[in-house]
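Engineer: Under this note's numbering, the first residue of the sequence shown carries the number -7, and numbering increases by one thereafter.
I should point out that these hints are in silico values taken from the structure, not numbers from a laboratory.
Note that the coordinates shown come from a computational prediction; the quantities given were computed from them, not determined experimentally.
Be aware that a few hints might be false.
To be verified - Within a straight-line C-alpha distance of at most 30 Å, the following computed DSS-like cross-link-like pairs (lysine-lysine) qualify:
1) Lys226 to Lys248
2) Lys266 to Lys189
3) Lys259 to Lys298
4) Lys226 to Lys255
5) Lys259 to Lys184
6) Lys92 to Lys120
7) Lys248 to Lys298
8) Lys93 to Lys184
9) Lys248 to Lys259
10) Lys189 to Lys248
11) Lys130 to Lys120
Stated by the list, open to error - Simulated restraints, written as ranges between beta carbons of each label pair:
12) Pro96 to Arg264: 17 to 27 Å
13) Pro116 to Ser51: 41 to 51 Å
14) Met(-7) to Pro188: 33 to 43 Å
15) Glu169 to Lys40: 48 to 58 Å
16) Asp30 to Glu169: 19 to 29 Å
17) Pro17 to Ser51: 36 to 46 Å
18) Arg39 to Pro116: 28 to 38 Å
19) Ala194 to Gln94: 47 to 57 Å
20) Asp30 to Lys120: 37 to 47 Å
21) Pro267 to Lys40: 19 to 29 Å
22) Asp203 to Tyr54: 26 to 36 Å
23) Lys93 to Leu300: 19 to 29 Å
Glycine included, each C-beta is placed from N, C-alpha and C at the ideal position.
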Amino acid sequence: MADILTIHFQMSRNNGGDVEEVTYPTPSQGVAYVTFEDQGVVERVLRKDQHLLQDKRLSRGYPLTVTRYCHKAFLCVTSTLSVAVFRDHLVLEDLVEEMKKQSPGLDFGPLQPDGRIAVQGSFPALRKLREFLLLKAKSLSEEDKREGKSHQRLRRKVQEHRGATEMRNSIEDTHRETQVVVLDTDIYHYMKSFHPKILQAADVVISGVTDGDITTVCIDSAGSTGAAQGLRAKRMIEVFSVELQRILRKERICFKEPSRAEKQKYKQLCGRLKPQHPGVLLLPYDTHIDVVGTSACVFGFTEDLKRLSG
């Protein structure tokens, strides 16, 4: 059946195009999930009035009900980066041009006077850009050490965050090592809610700094044993985040009106449904609720929510 559906949605008469994946069967009887390579194809397929599944392997034609399902989570994210920490070493405008060459697939907003710049694009591309900046900061920090300067100003935000954990753990800064992993914020929240042990390890302190759609996970360790544990924790988080990115989906439930009563209504409905759908993560915002989970979990929750909300 998956092959038949693939052929159907690739045909031009069905407004189709390149199909990335067809998932069938699924936990929901009679439901298949079709993923297209191009968002434009999705819009064309949805605009077609009627879909009739026909194939010589079928005894007759079957009408299809085609609806938009939740998008794969984390395809496009926006992050505001601060490059002000490089001001003492580099011309920021030149750095931004280098960032654009490094990440041609990202969209960059204008550089603000305070050194902030908005960047939008795929999560993997943003993660690579962040890693590029962290490596550049590290190299400049090492230059400062050789020149006898303080290296802390190059990574001010991370150091400020680390300050609290340093006080709690009374670890000498000279023996401390930090590993950094950049995650999509929704994946970080899902990991923290459903798999908290991934963010825990002996001899290390793991914490997150959230900046919009991106969360930077800092893994602080001390001594040779702690450093080994820190590297092990970093690898585990990276591997697990890739798996979550593969299986998770996100559906956005927008409020019909931006009123307190509407928000309270959805809060109560979600509270009623959550025990029946323990596998979903609910992230409430002022104008909407994001539902994160596997395809089956998100689909079941959103269908029940639509039924109750009328």
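Engineer: Look at each hint and say if it fits the structure.
Structural biologist: Hints, one by one, checked against the model:
no., hint, result
1, Lys226 to Lys248, "violated, 41 Å"
2, Lys266 to Lys189, "holds, 22 Å"
3, Lys259 to Lys298, "holds, 13 Å"
4, Lys226 to Lys255, "violated, 38 Å"
5, Lys259 to Lys184, "holds, 21 Å"
6, Lys92 to Lys120, "holds, 12 Å"
7, Lys248 to Lys298, "holds, 12 Å"
8, Lys93 to Lys184, "violated, 34 Å"
9, Lys248 to Lys259, "holds, 14 Å"
10, Lys189 to Lys248, "violated, 38 Å"
11, Lys130 to Lys120, "holds, 15 Å"
12, Pro96 to Arg264: 17 to 27 Å, "violated, 47 Å"
13, Pro116 to Ser51: 41 to 51 Å, "holds, 44 Å"
14, Met(-7) to Pro188: 33 to 43 Å, "holds, 39 Å"
15, Glu169 to Lys40: 48 to 58 Å, "holds, 57 Å"
16, Asp30 to Glu169: 19 to 29 Å, "violated, 44 Å"
17, Pro17 to Ser51: 36 to 46 Å, "violated, 19 Å"
18, Arg39 to Pro116: 28 to 38 Å, "holds, 30 Å"
19, Ala194 to Gln94: 47 to 57 Å, "violated, 36 Å"
20, Asp30 to Lys120: 37 to 47 Å, "violated, 23 Å"
21, Pro267 to Lys40: 19 to 29 Å, "violated, 39 Å"
22, Asp203 to Tyr54: 26 to 36 Å, "violated, 48 Å"
23, Lys93 to Leu300: 19 to 29 Å, "violated, 51 Å"
The structure fails hints 1, 4, 8, 10, 12, 16, 17, 19, 20, 21, 22, 23 (numbered hints given earlier, in ascending order).
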